[in-house]
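Chemist: Here are the chains, one letter per residue:
Number of protein chains: 2
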Amino acid sequence: MAKQLLSSNDEIIPMKPDAVLDAHRRIKAHINRTPVVLSTMLNNWLGHEIMFKVEGFQKIGAFKIRGALNVLLALKEQNNLPKEVVAFSSGNHAQAVALASRMLGIKSTVIMPEFVSKVKQQATRSYGAELILTKTRQEAEARASEIQARGARLIHPSADDMIIAGQGTACFEALQDGVEADAIFAACGGGGLLSGTWMAAQLLAPKTKIFAAEPKMANDAAQSFHTGKIVSFDQTPMTIADGARTLHISELTFHYLKQLAGFYEVEEENIIYWTQWLQHLLKMNIEPTAAMAMAAAYQWLKTQKTKQRVLVILSGGNIDAATHRQIWAKDYLEQVPQI
Amino acid sequence: MAKQLLSSNDEIIPMKPDAVLDAHRRIKAHINRTPVVLSTMLNNWLGHEIMFKVEGFQKIGAFKIRGALNVLLALKEQNNLPKEVVAFSSGNHAQAVALASRMLGIKSTVIMPEFVSKVKQQATRSYGAELILTKTRQEAEARASEIQARGARLIHPSADDMIIAGQGTACFEALQDGVEADAIFAACGGGGLLSGTWMAAQLLAPKTKIFAAEPKMANDAAQSFHTGKIVSFDQTPMTIADGARTLHISELTFHYLKQLAGFYEVEEENIIYWTQWLQHLLKMNIEPTAAMAMAAAYQWLKTQKTKQRVLVILSGGNIDAATHRQIWAKDYLEQVPQI
Numbered sequence: 042m043a044k045q046l047l048s049s050n051d052e053i054i055p056m057k058p059d060a061v062l063d064a065h066r067r068i069k070a071h072i073n074r075t076p077v078v079l080s081t082m083l084n085n086w087l088g089h090e091i092m093f094k095v096e097g098f099q100k101i102g103a104f105k106i107r108g109a110l111n112v113l114l115a116l117k118e119q120n121n122l123p124k125e126v127v128a129f130s131s132g133n134h135a136q137a138v139a140l141a142s143r144m145l146g147i148k149s150t151v152i153m154p155e156f157v158s159k160v161k162q163q164a165t166r167s168y169g170a171e172l173i174l175t176k177t178r179q180e181a182e183a184r185a186s187e188i189q190a191r192g193a194r195l196i197h198p199s200a201d202d203m204i205i206a207g208q209g210t211a212c213f214e215a216l217q218d219g220v221e222a223d224a225i226f227a228a229c230g231g232g233g234l235l236s237g238t239w240m241a242a243q244l245l246a247p248k249t250k251i252f253a254a255e256p257k258m259a260n261d262a263a264q265s266f267h268t269g270k271i272v273s274f275d276q277t278p279m280t281i282a283d284g285a286r287t288l289h290i291s292e293l294t295f296h297y298l299k300q301l302a303g304f305y306e307v308e309e310e311n312i313i314y315w316t317q318w319l320q321h322l323l324k325m326n327i328e329p330t331a332a333m334a335m336a337a338a339y340q341w342l343k344t345q346k347t348k349q350r351v352l353v354i355l356s357g358g359n360i361d362a363a364t365h366r367q368i369w370a371k372d373y374l375e376q377v378p379q380i
Numbered sequence: 042m043a044k045q046l047l048s049s050n051d052e053i054i055p056m057k058p059d060a061v062l063d064a065h066r067r068i069k070a071h072i073n074r075t076p077v078v079l080s081t082m083l084n085n086w087l088g089h090e091i092m093f094k095v096e097g098f099q100k101i102g103a104f105k106i107r108g109a110l111n112v113l114l115a116l117k118e119q120n121n122l123p124k125e126v127v128a129f130s131s132g133n134h135a136q137a138v139a140l141a142s143r144m145l146g147i148k149s150t151v152i153m154p155e156f157v158s159k160v161k162q163q164a165t166r167s168y169g170a171e172l173i174l175t176k177t178r179q180e181a182e183a184r185a186s187e188i189q190a191r192g193a194r195l196i197h198p199s200a201d202d203m204i205i206a207g208q209g210t211a212c213f214e215a216l217q218d219g220v221e222a223d224a225i226f227a228a229c230g231g232g233g234l235l236s237g238t239w240m241a242a243q244l245l246a247p248k249t250k251i252f253a254a255e256p257k258m259a260n261d262a263a264q265s266f267h268t269g270k271i272v273s274f275d276q277t278p279m280t281i282a283d284g285a286r287t288l289h290i291s292e293l294t295f296h297y298l299k300q301l302a303g304f305y306e307v308e309e310e311n312i313i314y315w316t317q318w319l320q321h322l323l324k325m326n327i328e329p330t331a332a333m334a335m336a337a338a339y340q341w342l343k344t345q346k347t348k349q350r351v352l353v354i355l356s357g358g359n360i361d362a363a364t365h366r367q368i369w370a371k372d373y374l375e376q377v378p379q380i
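Quick mapping for you: the protein sequence lines, in order, are chains A and B. For the numbering used here, count along the first sequence from 1 and bump the result up by 41. For the numbering used here, count along the second sequence from 1 and bump the result up by 41.
Just so you know, these hints were derived from the structure itself, not from any lab. Hints are supplied without guarantee of correctness; some may be wrong.
Same chains, same names: a pair is fine if it fits in one copy or spans any two.
What the hints assert, rightly or not - Here are the computed lysine to any residue pairs in the SDA-like style, where the Cα-Cα straight-line distance is at most 25 Å:
| id | residue 1 | residue 2 |
| --- | --- | --- |
| 1 | 248 | 84 |
| 2 | 148 | 86 |
| 3 | 371 | 71 |
| 4 | 148 | 221 |
| 5 | 117 | 86 |
All values reported here derive from a predicted model rather than from experimental measurement.
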């Protein structure tokens, strides 16, 4: 049952990179064209050129709306739009499915563990989803089966071609806007953002290296990358990078993740360090999961002998109060970034 | 001695509102044209139209660079640019004077109390200022006198025509960008921002009401406004809105502040509430002093029977780690804003 819910693709037929172009054509009128920004001060300190694609300014405060909209708009093009969708998510995917469904005038149900913060519950509801809170994973799966049985389509957060192509539009936009980068860094949760990013680069910047950032304490994808087979955790790793608390990647995203230039595993302390500093330098809300990509970029830049141009995809800006408290418990702003 | 340092204008000759236009002509090529943004969700919840001018995205992370640059560029126009400037400041004015001086190639010295956080010290130094940390107010004034004696010009944070005209360019830009507002709200520290805002509105939107926001526990300007004479505190009020910790306004800013439509005094809890919510809704770093203006707007909106259009000037986005901790100590995100 779990397998069926978590991966809808049995056989993998790789998409052409053009799928990102199609996704962008579908969704662009419905989303924000998020800015690419830089910090002169940071670039001076590090001696490199770092550009940030700010998906915190995307609708719902994260890139996830891109994939969810692409799924539904692609189904609509095929005259196959369902009357109802269902998703499991405790994070940004929940809000993305809720808002995308409302934009297309269909019903959505989101199943969340009951410990999720009230502000996340409230946000998901305010985008129009029906919310089901469950105690256990078994209960969640049982409820999802019921909803699917009445004709709802399950939208998986990453194991879906149209999700991957949609998430790739963030990098696609940055490259279209003229960003020239030697390397691109993004966070790895289920791997949808990175799979799409790799496709976008294939299309517009095939020489650019794509790197993944993962928490050291939630390094299932990095282990999978290095061992060549999918490694899965039994329990949700409690990293502060809550977008990377996935138990395992899917066969579908693994297909694309294998093509990356490498994985960087980031210590919790370094995730927090860069969350503080990016918030301080950019004056924006940066999720720990997003800042983790900069932490990885920093690890890479330390090994470089010549000046590099880096694009960091800041995946989102949704932070609840408890996480803010965790971020600011220690003061890292007294330690200026340097290489 | 203190009086002399704190107010350089003995006789007040009111500026014409055109002074804001001149200021904008002088500084516009050197500053960021900051965006005006809104939150659809907030507007739906409150039933009003609230626009935010985001000065956190201004150079140095606050509006203060506008005034400091206008002072120096106006002196340069008169072939009167000093070789050196000096300022007292523990906040954004320090960084503004430092950066403006560097942009014009002159030396700056900033005098700060030694308890100021290291990140503020470091930021001021990194913009090129020489920093003098002092234990007492007396010591600070003695050092400033020495520096002035060698020919340096003191730049006061608010009691200066060119500072006021410069700060007014934030509102001027918003109005020039087509913002139509029934009321405009901004924070009151020394009163420079509000004085300039009033002048900008005289020029481009004379029917718009201008309101001041002040912490209830640091309500010297509100008391001055209501009693008709300048009220001064003996000790620095320890409000979380650190930009409003001034002991008193000056005769110069009082002249303009008297013209405002009113003052709103904001409880600390409400300052924190709106700091959390604006950060959450806009995904930006919003200083408590800036969020206080929204808290005041909310108090006003609660008394309105018809839909109002409001411009809130978000004065800055510089927050140190200790203040972040104070902001997030309690969770206000569970209480959705409503009227």
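Chemist: List, from low to high, the hint numbers that the structure doesn't satisfy.
Modeler: Numbers 3, 4, 5 - these are the hints that the structure violates, sorted from lowest upward.
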